[in-house]
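**Student:** Listed below are the residues making up each chain.
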Amino acid sequence: MSTAASSSTSETIAEPGLKIKVSTKEGEVFELDEKVAKMSQVIRGILEDLGEQNGGDDSVLPLTQVETRIFRKILVWLKYHAGHDKEEAPKAEEDEIIARFCEEIPEWDQKFLNVDQAVILEIMLAADYLDIKKLRGLCCKTVANILKTKTVEQIREMYGIENDFTPEEEEEIRKQTAWCEDEPPRQGSNH
Amino acid sequence: MVVFDDIPPGVLDQLFQCVDFFQLLRIRRVCTKWLSAISRECAPFMRKVVIPMEAFIHCDLADMEPQSNFWQLAGVATTMLMFENPTSDKTIWESREWMIENVWKSYEAQVKIDERSRRVGKVVYANMTIQSEVFQCPYTRRIGFETVLINVTLKMSAHEIMSVFTPDVEDINSKNGLASVYLLLSAMNTPLTVKVMGRDSHKTSFTDRISTRSSCGQILPHPTSMYFALRHAVPLEMDGRRFRTVSAKLTWLVDDNVSEACLYFVGQLIKRIDPNTGAHKALDLIRMGDLKGFIGAVHPLVSTLFCYSLDPHGHPETRLWL
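Protein chains in written order, with the UniProt record's numbering: chain A, 1 to 191; chain B, 1 to 322.
I should point out that these hints are in silico values taken from the structure, not numbers from a laboratory. Please note that a few of the clues may not be correct.
[Stated by the list, open to error] No farther apart than 25 Å at their CA atoms in a straight line, the calculated lysine to any residue pairs in the SDA-like style are these:
| id | chain 1 | residue 1 | chain 2 | residue 2 |
| --- | --- | --- | --- | --- |
| 1 | A | Lys133 | B | Arg47 |
| 2 | B | Lys122 | B | Glu97 |
| 3 | A | Lys91 | B | Leu12 |
| 4 | A | Lys35 | A | Leu50 |
| 5 | B | Lys105 | A | Trp179 |
| 6 | A | Lys150 | A | Asp131 |
| 7 | A | Lys21 | A | Val60 |
| 8 | A | Lys134 | B | Pro9 |
| 9 | A | Lys175 | B | Lys122 |
| 10 | A | Lys133 | A | Glu48 |
| 11 | A | Lys148 | B | Arg96 |
| 12 | A | Lys175 | B | Gln72 |
| 13 | B | Lys195 | A | Glu93 |
| 14 | B | Lys33 | A | Asn163 |
| 15 | B | Lys281 | B | Lys292 |
| 16 | B | Lys203 | B | Pro275 |
| 17 | B | Lys122 | B | Lys33 |
| 18 | B | Lys112 | A | Glu67 |
| 19 | A | Lys175 | B | Lys292 |
| 20 | A | Lys148 | B | Lys281 |
| 21 | B | Lys112 | B | Ser68 |
| 22 | A | Lys35 | A | Cys102 |
| 23 | A | Lys133 | B | Gln72 |
| 24 | A | Lys35 | A | Glu94 |
| 25 | A | Lys19 | A | Lys134 |
| 26 | A | Lys150 | B | Arg40 |
| 27 | A | Lys134 | B | Pro44 |
| 28 | A | Lys175 | B | Glu65 |
| 29 | A | Lys133 | A | Asp49 |
| 30 | B | Lys105 | A | Asn163 |
| 31 | A | Lys148 | B | Gln72 |
| 32 | B | Lys155 | A | Cys102 |
| 33 | A | Lys21 | A | Arg69 |
| 34 | A | Lys134 | B | Lys203 |
| 35 | B | Lys195 | B | Glu97 |
| 36 | A | Lys175 | B | Lys105 |
| 37 | A | Lys133 | A | Asn145 |
| 38 | A | Lys148 | B | Pro9 |
Kindly produce the complete structure, drawing on both the sequences and the hints.
**Tutor:** Given below as structure tokens:
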């Protein structure tokens, strides 16, 4: 197995094919293999709108909401998965739910997402912006796993969320679910 | 620096879809934004309520006051999914059935007092071990209710199943009757455990035979209709390595020389469990050695119990009696 987050961007795909140029928020330009680029449904959509013959010229697709440092990370993920993922038949909603809860996050992805909380959120937002469903789902699942191990107060503190309930409102909500308000388990977590 | 407030509603929604229902109820208290996002009736996690068995470690539904019944917070739920997390410690809960029963009791109590337009019509049990008693919850035995099993190990109460079968009084002293009683007793002493590999489901219909009534007089399907899982299940105590299905095991157990006692026993099973199947036709299929045809023709409970009774301990000593 390849090492996750440390994996170099030089890990290439067998057939380079067409190259797609994209630029980040800071204006840095990256050249991506077509297969890698098209894992983003946004890029795929733009390419289809432009007509694929334009992909080979010097035009650069601007990804104005993705910072370079985050895009570099996402590129590592895209390259790894472009080379390793198999075509999967779409699952029924119910099977997807079961898989979401019962399947472990693959080891490579766990290592990839073993980063600071803020960075996970940034990757999650970028994956949403670029419409990379699988990566967005992995980020959500990782964050959900973290939430499981935290109290409400810890969640607020960790993510800088202001408690905007009045004490009475909060008490009312707490009462409704008093039977499940026990402390969550302290599971081994690096976060 | 990204903070949680920057997360668009769509992503927050997807995040909450990775959180089980009890946990969602707990984290509603984080802020008003989360409360309103989690409380939306149109949210997918409100329609498909996900409850991992491990959630019961921290929650005791027995402590839940009627006014705090969690089902009032899931007013549009149509499906419930229960599962065991593969990494959780399975030894910490011994009575899953009690927990499951409490979930259904809570649901029934809630629907009695509120007027909900949609009701839970499907339950999915996944990646877990359950006793067959969970099929007996009155709510889940309603016509039209669907039960789905995904990778479930089912521990069946042989006594419960076999109680539908007793030899006719006039036959009890005959050789065949005695053989049947022996089979009955030997099977009752050993629990029947089967594994549903992959997915199997059953929607209770009007064609399921009706025999019992709930405490409120509602007509319920015959319990045997609930044992749909036996159709494709692997009987674990029957050397699963060699016999992937009841069909394969039965083919091995029943050779060309089927005794009359054996046929008598099968006839009795059909008579009690599956009277709509022509017993003579099914027995003829055994006589002709067409066991696949037999299995296809009779209720799966008949073939499974027949197979199980022949070999309840994984050893075919009982065949000597037939």
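**Student:** Take the hints in turn and mark each one as holding or not.
**Tutor:** Hint-by-hint comparison with the structure:
Between lysine 133/A and arginine 47/B the alpha-carbon distance is near 22 Å, which keeps this suggested pair within the 25 Å criterion. This hinted pair checks out: lysine 122/B and glutamate 97/B have alpha carbons roughly 17 Å apart, not beyond 25 Å. The suggested pairing of lysine 91/A with leucine 12/B holds, with an alpha-carbon distance near 22 Å, which does not exceed 25 Å. Of the pairs offered as hints, the one joining lysine 35/A and leucine 50/A holds, with about 17 Å between alpha carbons and a cut-off of 25 Å not exceeded.
For the suggested pair lysine 105/B and tryptophan 179/A, the alpha carbons sit about 16 Å apart, so the restraint of at most 25 Å is met. Between lysine 150/A and aspartate 131/A, the direct Cα distance comes to roughly 29 Å. Violation of the 25 Å bound is thereby established for this hinted pair. As the CA atoms of lysine 21/A and valine 60/A are separated by approximately 5 Å, the hinted pair is consistent with the 25 Å bound. Distance restraint check for lysine 134/A and proline 9/B: the Cα-Cα separation of roughly 18 Å lies within the 25 Å cut-off, and the hinted pair is therefore satisfied.
For the given pair, lysine 175/A sits about 29 Å from lysine 122/B by alpha-carbon distance, which is inconsistent with the 25 Å threshold. Proposed proximity of lysine 133/A and glutamate 48/A is supported: the alpha carbons are some 18 Å apart, at most 25 Å. Taking the CA atoms of lysine 148/A and arginine 96/B, the gap is about 21 Å. The hint holds against a cut of 25 Å. Taking the CA atoms of lysine 175/A and glutamine 72/B, the gap is near 14 Å; set against the 25 Å cutoff, the hint holds.
Between lysine 195/B and glutamate 93/A the CA atoms are separated by roughly 24 Å; this keeps the pair inside 25 Å, and the hint holds. For the suggested pair lysine 33/B and asparagine 163/A, the alpha carbons sit about 10 Å apart, so the restraint of at most 25 Å is met. Between the alpha carbons of lysine 281/B and lysine 292/B the distance comes to roughly 13 Å, so the proposed pair stays at or under 25 Å and holds. Of the supplied pair hints, the one linking lysine 203/B and proline 275/B holds, its CA atoms being roughly 21 Å apart against a limit of 25 Å.
Between lysine 122/B and lysine 33/B, the direct Cα distance comes to roughly 30 Å. Violation of the 25 Å bound is thereby established for this hinted pair. Distance check on the hinted pair: lysine 112/B and glutamate 67/A sit about 54 Å apart at the alpha-carbon level, beyond 25 Å; violated. Under the criterion of a C-alpha separation no larger than 25 Å, the hint pairing lysine 175/A with lysine 292/B is inconsistent with the structure, at around 58 Å. A distance of roughly 57 Å separates the Cα atoms of lysine 148/A and lysine 281/B; the hinted pair therefore is violated under the 25 Å criterion.
For the proposed pair lysine 112/B and serine 68/B, the alpha carbon gap of about 15 Å is at most 25 Å, so the pair holds. This hinted pair does not check out: lysine 35/A and cysteine 102/A have alpha carbons roughly 30 Å apart, beyond 25 Å. Only pairs whose Cα atoms come within 25 Å are accepted, and lysine 133/A paired with glutamine 72/B is rejected, the gap being roughly 32 Å. With a C-alpha separation of about 29 Å, the suggested pair lysine 35/A and glutamate 94/A falls outside the 25 Å cut-off, and the hint is violated.
About 23 Å separates the Cα atoms of lysine 19/A and lysine 134/A, which keeps this hinted pair within 25 Å; it holds. For a cut-off of 25 Å, the pair hint linking lysine 150/A to arginine 40/B stands: about 23 Å separates their Cα positions. At roughly 18 Å between alpha-carbon atoms, lysine 134/A and proline 44/B fall within 25 Å of each other, so this suggested pair holds. Of the supplied pair hints, the one linking lysine 175/A and glutamate 65/B holds, its CA atoms being roughly 10 Å apart against a limit of 25 Å.
Of the supplied pair hints, the one linking lysine 133/A and aspartate 49/A holds, its CA atoms being roughly 20 Å apart against a limit of 25 Å. Taking the CA atoms of lysine 105/B and asparagine 163/A, the gap is about 35 Å. The hint is violated against a cut of 25 Å. Proposed proximity of lysine 148/A and glutamine 72/B is supported: the alpha carbons are some 23 Å apart, at most 25 Å. With a C-alpha separation of about 21 Å, the suggested pair lysine 155/B and cysteine 102/A falls inside the 25 Å cut-off, and the hint holds.
Taking the CA atoms of lysine 21/A and arginine 69/A, the gap is about 17 Å. The hint holds against a cut of 25 Å. Distance check on the hinted pair: lysine 134/A and lysine 203/B sit about 33 Å apart at the alpha-carbon level, beyond 25 Å; violated. Of the pairs offered as hints, the one joining lysine 195/B and glutamate 97/B holds, with about 17 Å between alpha carbons and a cut-off of 25 Å not exceeded. Pair hint lysine 175/A plus lysine 105/B holds up; C-alpha atoms about 21 Å apart against a cutoff of 25 Å.
About 18 Å separates the Cα atoms of lysine 133/A and asparagine 145/A, which keeps this hinted pair within 25 Å; it holds. Pair hint lysine 148/A plus proline 9/B holds up; C-alpha atoms about 20 Å apart against a cutoff of 25 Å.
Figure legend: structure checked against the earlier numbered hints; hints not met, in rising order: 6, 9, 17, 18, 19, 20, 22, 23, 24, 30 and 34.
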